[in-house]
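*Asks:* What follows is each chain in one-letter form.
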Amino acid sequence: MTEQDIKQTIFQLLKKIAPDTEPEKLKPDDDIRRTLEIDSFDALQFVVALDAHFGIETPEADYGKIATLRQLISYIMKQKK
Amino acid sequence: MIEFQMPSLGADMEAGTLAEWLVKPGDLVKRGDVIAVVDTQKGLIDIEVFDEGIIHELLIKEKEKVPVGTVMALIASDKEPVVKQEEKMPAKITEEKKPVEKLPVTEMRHGIKVSPLAKRIAVEKGIDLNLIKGTGEGDAITKEDVERAIVENIAPKEERKIDSTESIRMAVAAAMSKSNREIPHYYLETKVDMSKALVWLSEANKQRSVKQRLLPVVLLLKAVAKALTEVPELNGYWENGLQQKDDINIGFVVSLRSGGVMIPAIHHADKKSIDELMASLNDIIPRTRAMKLRSSELSESTITVTNLGEGNVETVYGIIYPPQVAIIGFGSIVEQPWAETGMLDVRPVLNITLSADHRATDGATGSRFLMTVKNYLDKPAEL
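Just so you know, the protein sequences line up as chains A and B, in that order.
Numbering follows our numbering, with no gaps: position 27 of the first sequence is 27.
Numbering follows our numbering, with no gaps: position 215 of the second sequence is 215.
Looking at chain B on its own, in the form it has when it is part of the complex:
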């Protein structure tokens, strides 16, 4: 029997509340199927299953909050005969079922769409979003809907609620504190002349319809992914020593409009073409902002990239997201004086930083990695 556990969706997650089961005993599931929705500090997350088989028993009830690692369901694999269930109820689970305090966030019926601002106002004013009918796109609840509800005085919920932005920030802060406490960071920085990359990009975009246009960040992601195939020591986890990962899943920091960040994974970034990477961003950024991510996207990043984009500061020094061992920071591309072959010129310059775990690698490795990224950005056609 396969045990389906409450997954850890990041170093910061200790428990989750089961919002909804999407399967029932007897259902056939296969790898990648979403079988449950779990309410976490990062919103409602679709939880995928990684095995194939038949749902034997659901052990956790909806609305129940359980620690990470708790067995939530038993799945009979295709090969094994379905056995009687008595023996399959370890005491550990009943123990963990002791009454737990409710998560202090607004509980919402599944599928309800709320703009982050509307959610924040509702939480601040104690408005129950379940009682509001949305008038926005796809029946999403907008700020106006919430304000109307405040006027109409929908009975507020009693408990004090913590706002979702605050809850996301607390989750990130917990992971960052752990990182600063446990990981001996070292920092490296280099500058790249982006002239060639930007010319290449602008030529490439002339061949593309506006929908397929590329942003500079895809070149950066591709350069990182390729450089990681050459310097794989930075791609992995620190868990009783360095565990290098074969898959290159880049966690991409997305800032939420209401505040806070989420880091969904772009899976197999090294195997994706530039256009496929852009398509991944087109898919994942709006879903992140709508808080509609899948568990694999929150738990499988092997390295993180933070990209400030244009119009921002030049340099960002990242804090490693445990258990990863490195984070790459791209600042804004800005014109700077540039000296080359004894001549001074003005070029579009990008500052790239690397923060890496000194237990896993040292400055020589990090430097080799940054120089590789730089070389790729200098020869964009090779990306």
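So that you can see chain A by itself, here it is in the shape it has in the complex:
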């Protein structure tokens, strides 16, 4: 799975959680939650969806490591290895 594939999947999952946002417009270092105005409830749903889709397990302690698109993509790539 390439970085581009992961990014597209992230966009799709974000779209499902927050249908009216435009995740494609996120810059690599934007804080995803703040930019898309995602609350803690939807953030949790997003992590659930990420874990299910990529077959990874994101412990709560790692939430801080996946705040931006850049961080999130690199986190997923590492977890999948």
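Hint data in this document are derived by calculation from the structure and do not stem from the laboratory.
Bear in mind the structure is a predicted one, so any value in this text is a computation, not a measurement.
Glycine is no exception: its CB is placed at the ideal position from the N, C-alpha and C atoms.
A couple of the hints might just be wrong.
To be verified - Facing chain B, from chain A, some residues (calculated, C-beta under 10 Å):
# : residue
1 : M1
2 : P23
3 : D29
4 : S40
5 : L44
6 : Q45
7 : T58
8 : G64
9 : I73
With chain A fixed as given, assemble chain B onto it according to the hints.
*Replies:* Same frame as chain A, but now just chain B:
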């Protein structure tokens, strides 16, 4: 014969439009069955019945707008023999059937799914959503679908439509104006050191799969529910005096992504475990955002909780939702200097406020309640 009336789904509701009957005469209904869908300022709401029996007659036609309290149907209870219907048509109803102005919101066929943004654009541009085929999840109409329809120039409806966000805001504003006009509020505030609660939560989450993970708000809801069993004066309605309620149904403020708030009830919050409360939130928040609530969830809250969640301001002062007598506000948990036993430290601190009705209780009661909530959050294992 049991009269099934247009329910009041909050202090702000004066009338509703029957969108659809889900039953016909002769159908057997039992408590909790959804028998009608009503279009209100808060969207399409499933209306439940609270009696058991056989639908005798439907008195209101679909698309008819009637005031709250209007008899919509007659239900023959199991025990009584079905009587002839002539005597069952009180004049009052015909009187209320006089032509009423159509609700100025886009009427949609039942079951149609629309994202709030798509709905807003459609309303602004006068696009009839019934004519659009959705391409989103579960055939939901998305913003793109509406934009395509605008390009394809689907004939706009003639009347000016009020957008749904605006309509929800107007409904909330009406209730809040009534509250500010009629309820003598008093306000209390306290700070809680959330260290222990957050440590407990993080340990608890390590034992849970990501799907079952808990958010801090469930601890807050549980603490409120338990404290209400000890200070029940805050749980109830002001209707010719304080009517304390036995059931603790917490109205939980959910903000809609397109703007506006809705307050669905978490029933029997005191009887639910922490995990059950989280499951309730997992069920009710997405349904609220999709505007798919049941009448009991909009009409049976006995107290309200507003929780700002992380990344927001520290303090919120609520306005009581009538006829309730109290609202609890939780701000964002933020690190603050904390003095304890002569030492200064930095702790995750939560500001809790209480706005309560001075006709029903006074500051001493309110203070007792907030201190009880605080004590529970200090001993999370007891929750």
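*Asks:* Each of the hints needs a verdict: does it hold here or not?
*Replies:* Structure-based check of all given hints:
1. M1: Given a least distance of 20 Å, the restraint on A/M1 is violated.
2. P23: Result: violated, 13 Å to nearest chain B Cβ.
3. D29: 17 Å, violated
4. S40: This interface hint holds because 5 Å falls under the 10 Å limit.
5. L44: With Cβ-Cβ at 6 Å, under 10 Å, it holds.
6. Q45: Interface hint status for A/Q45: holds (8 Å vs cutoff 10 Å).
7. T58: 7 Å, holds
8. G64: 12 Å, violated
9. I73: 19 Å, violated
Going through the hint list in order, the structure does not satisfy hints 1, 2, 3, 8 and 9.
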